[in-house]
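A.B. asks: Top line first, the protein sequences correspond to chains A and B. Using the working numbering, the letters of the first sequence map in sequence onto residues 1 to 313. Using the working numbering, the letters of the second sequence map in sequence onto residues 1001 to 1313.
Check before you lean on any hint, since a few could be wrong.
[Stated by the list, open to error] Simulated crosslink set (DSS-like; lysine-lysine; CA at most 30 Å straight-line):
{"id": "1", "chain 1": "A", "residue 1": "Lys205", "chain 2": "B", "residue 2": "Lys1263"}
{"id": "2", "chain 1": "B", "residue 1": "Lys1104", "chain 2": "A", "residue 2": "Lys116"}
{"id": "3", "chain 1": "B", "residue 1": "Lys1104", "chain 2": "B", "residue 2": "Lys1133"}
{"id": "4", "chain 1": "A", "residue 1": "Lys284", "chain 2": "B", "residue 2": "Lys1271"}
{"id": "5", "chain 1": "B", "residue 1": "Lys1133", "chain 2": "A", "residue 2": "Lys263"}
{"id": "6", "chain 1": "A", "residue 1": "Lys79", "chain 2": "B", "residue 2": "Lys1133"}
{"id": "7", "chain 1": "A", "residue 1": "Lys157", "chain 2": "B", "residue 2": "Lys1155"}
{"id": "8", "chain 1": "B", "residue 1": "Lys1263", "chain 2": "A", "residue 2": "Lys79"}
{"id": "9", "chain 1": "B", "residue 1": "Lys1017", "chain 2": "B", "residue 2": "Lys1003"}
{"id": "10", "chain 1": "A", "residue 1": "Lys79", "chain 2": "A", "residue 2": "Lys44"}
[Claimed, not checked] Take a look, some chain A residues computed to stay more than 12 Å from chain B by CB distance:
{"id": "11", "residue": "Asn76"}
{"id": "12", "residue": "Glu81"}
{"id": "13", "residue": "Asn292"}
{"id": "14", "residue": "Ala302"}
Note that these hints are calculated values from the structure, not bench results. Glycine residues also receive a C-beta, built at the ideal position from the N, C-alpha and C atoms.
2 protein chains.
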Amino acid sequence: MNKYAIAIHGGAGTILKSSMTDEKEQAYKTALEEAIHAGEVILKNGGAALDAVESAIISLENNPLFNAGKGAVFTNTGKNEMDASIMNGLDLRAGAVAGISNIKNPISLAKAVMEKSEHVFLAGAGAIDFAKKINAEFADADYFFVPMRYDQLQKAKQSDTIALDHTADTFENGEKKFGTVGAVAMDVHGNLAAGTSTGGMTNKKYGRVGDSPIIGAGTYANNTTCAISCTGHGEFFIRAVVAYDISCLMEYKGLSLKEACDKVVMDKLVKLGGEGGLIAIDNKGNIELPFNSEGMYRAKKAADSDLYIGIYK
Amino acid sequence: MNKYAIAIHGGAGTILKSSMTDEKEQAYKTALEEAIHAGEVILKNGGAALDAVESAIISLENNPLFNAGKGAVFTNTGKNEMDASIMNGLDLRAGAVAGISNIKNPISLAKAVMEKSEHVFLAGAGAIDFAKKINAEFADADYFFVPMRYDQLQKAKQSDTIALDHTADTFENGEKKFGTVGAVAMDVHGNLAAGTSTGGMTNKKYGRVGDSPIIGAGTYANNTTCAISCTGHGEFFIRAVVAYDISCLMEYKGLSLKEACDKVVMDKLVKLGGEGGLIAIDNKGNIELPFNSEGMYRAKKAADSDLYIGIYK
């Protein structure tokens, strides 16, 4: 059996064709293609879904177009505070980090928490201590200084009339965008994996943690059912335990991946008021890319099918 | 309809009758009775399940016998870093805090995150900034200095041959104990709520976050199904998304509360290697208190039944 499949996302939100230039659109498409290729090359060579997910997310984290890693947005205090998580569907092992700064690739730190500690979830300064102990790759403030992100912070601060009134990134043209990246994959051995990484919210305060580092909410993988990575208004994704809900609808109610995705993203989340989307793969390699926002940066590729890249509805 | 019910726990682990004195046992029983009374008085007067849960947990947090609030254990650096979460079954609103110090009642801060912010989950120094903004009650290091907890840290440090080798509290006699407190309740209006609060692990490093502040893992409440608060080896509870799993088994597979609890605590968690227990209440007021460890400090009371207090198997 040489069947494999991978899907990635680069965030969801108010992404409209009308507010996109051809150059910007092409830059996103190239970035998505590079990231999916980074994952696919591992799968094609018989590598693990877990490694393919990490590799695809590293590619997205290293690209300033996405709100994760290098392109992470600035918090209210001008820092980059990033969150990430990863899960292995074979044995339900998982790793997550939250509120970390100066780590080049948060997804790799999350993977190290899974593989090199007895813990699942490390946060803040303690997570940085762990990163030092395992010799994780650090990057300085210059690496993370992306002028567009800094401008976003200044604009967000100017409009900050209510202290907590920033549940989404404020973009140049008033767009809402939930900046997160993620990947899900099935390898030729039939194993599933999922990972998610985010730079959080522009002008974020109070050490807010979204769904990205929460196993069950933003990320979940289980060979029995599916692997999921979410992007959207994290508070709603936490309350709805979105990623695990899709797995449960499949395992306990017998829904297909598509039926479960439609139920959660298009029905339950909409009723709760939660905007966003997710990428999903089941243990047959079927892929779904549902979202209830205007757009979602997304791509998928399987051994036996062509590359698909999508941005708008 | 004047039916209400409440259950609480004060942690699970290697709690053996043989290593307990009569005085110590009586002190725990008195503390559990006080806590359940603090919640019941609210329910009896027609108050909200959410408030009863908060009140019962405040009572447990204020008692140095339990690893939460005043009795929180010390981290490796000699600090108290506490986590808590709360969820309202009526509307799936939730609040959580992680890695906080010097807050007298973490459960009340979690409730404030739910009620006074647009967020669900705040961590570390940012959560403390939020606590200052809303005038939460702070307590100084003297308040949290419980000699027994300090001695536990010294002993844990002495035996710390492997940096991350502390997944459970080390007690005087080598017992493992997962120190957490929690409450679940159904009020006379039929609404459910759940809350969990913990002082973490003695000698904790690296900003480890367990399941207690994770909605879906350590805490979950949904009027459609049940309210759950967990205590145990948190890493396994996160990977198994324990609290939401019970809700899903009821909603999607039609299991009773007891069947779902047995499946998750006595079967799935045991297979994964996860030790601990939980308290659960369904929307008919049925209560389950399952655990797969040697013991769990627990109590329950309903409008139409006597107080039950249990410690051992």
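A.B. asks: Please go over all the hints and tell whether each is borne out by the structure.
C.D. replies: Against the structure, the hints come out as follows:
1. A:Lys205 - B:Lys1263: violated, 40 Å
2. B:Lys1104 - A:Lys116: violated, 34 Å
3. B:Lys1104 - B:Lys1133: Holds, because 15 Å separates the two Cα atoms, which is no more than 30 Å.
4. A:Lys284 - B:Lys1271: Holds, at about 25 Å.
5. B:Lys1133 - A:Lys263: Distance of about 39 Å is beyond 30 Å: violated.
6. A:Lys79 - B:Lys1133: holds, 21 Å
7. A:Lys157 - B:Lys1155: Violated, because 48 Å separates the two Cα atoms, which is more than 30 Å.
8. B:Lys1263 - A:Lys79: Violated. Lys1263 of chain B to Lys79 of chain A sits at ~44 Å, over the 30 Å cutoff.
9. B:Lys1017 - B:Lys1003: violated, 34 Å
10. A:Lys79 - A:Lys44: Between Lys79 of chain A and Lys44 of chain A the Cα gap is close to 38 Å, so the pair fails against 30 Å, i.e. violated.
11. Asn76: Not fine: 9 Å to the nearest Cβ puts Asn76 of chain A too close to chain B.
12. Glu81: At about 8 Å from chain B, Glu81 of chain A fails to clear the 12 Å cut-off, so the statement is violated.
13. Asn292: holds, 17 Å
14. Ala302: holds, 28 Å
Violation of the numbered hints given earlier is confined to hints 1, 2, 5, 7, 8, 9, 10, 11 and 12; the remaining hints are satisfied by the structure.
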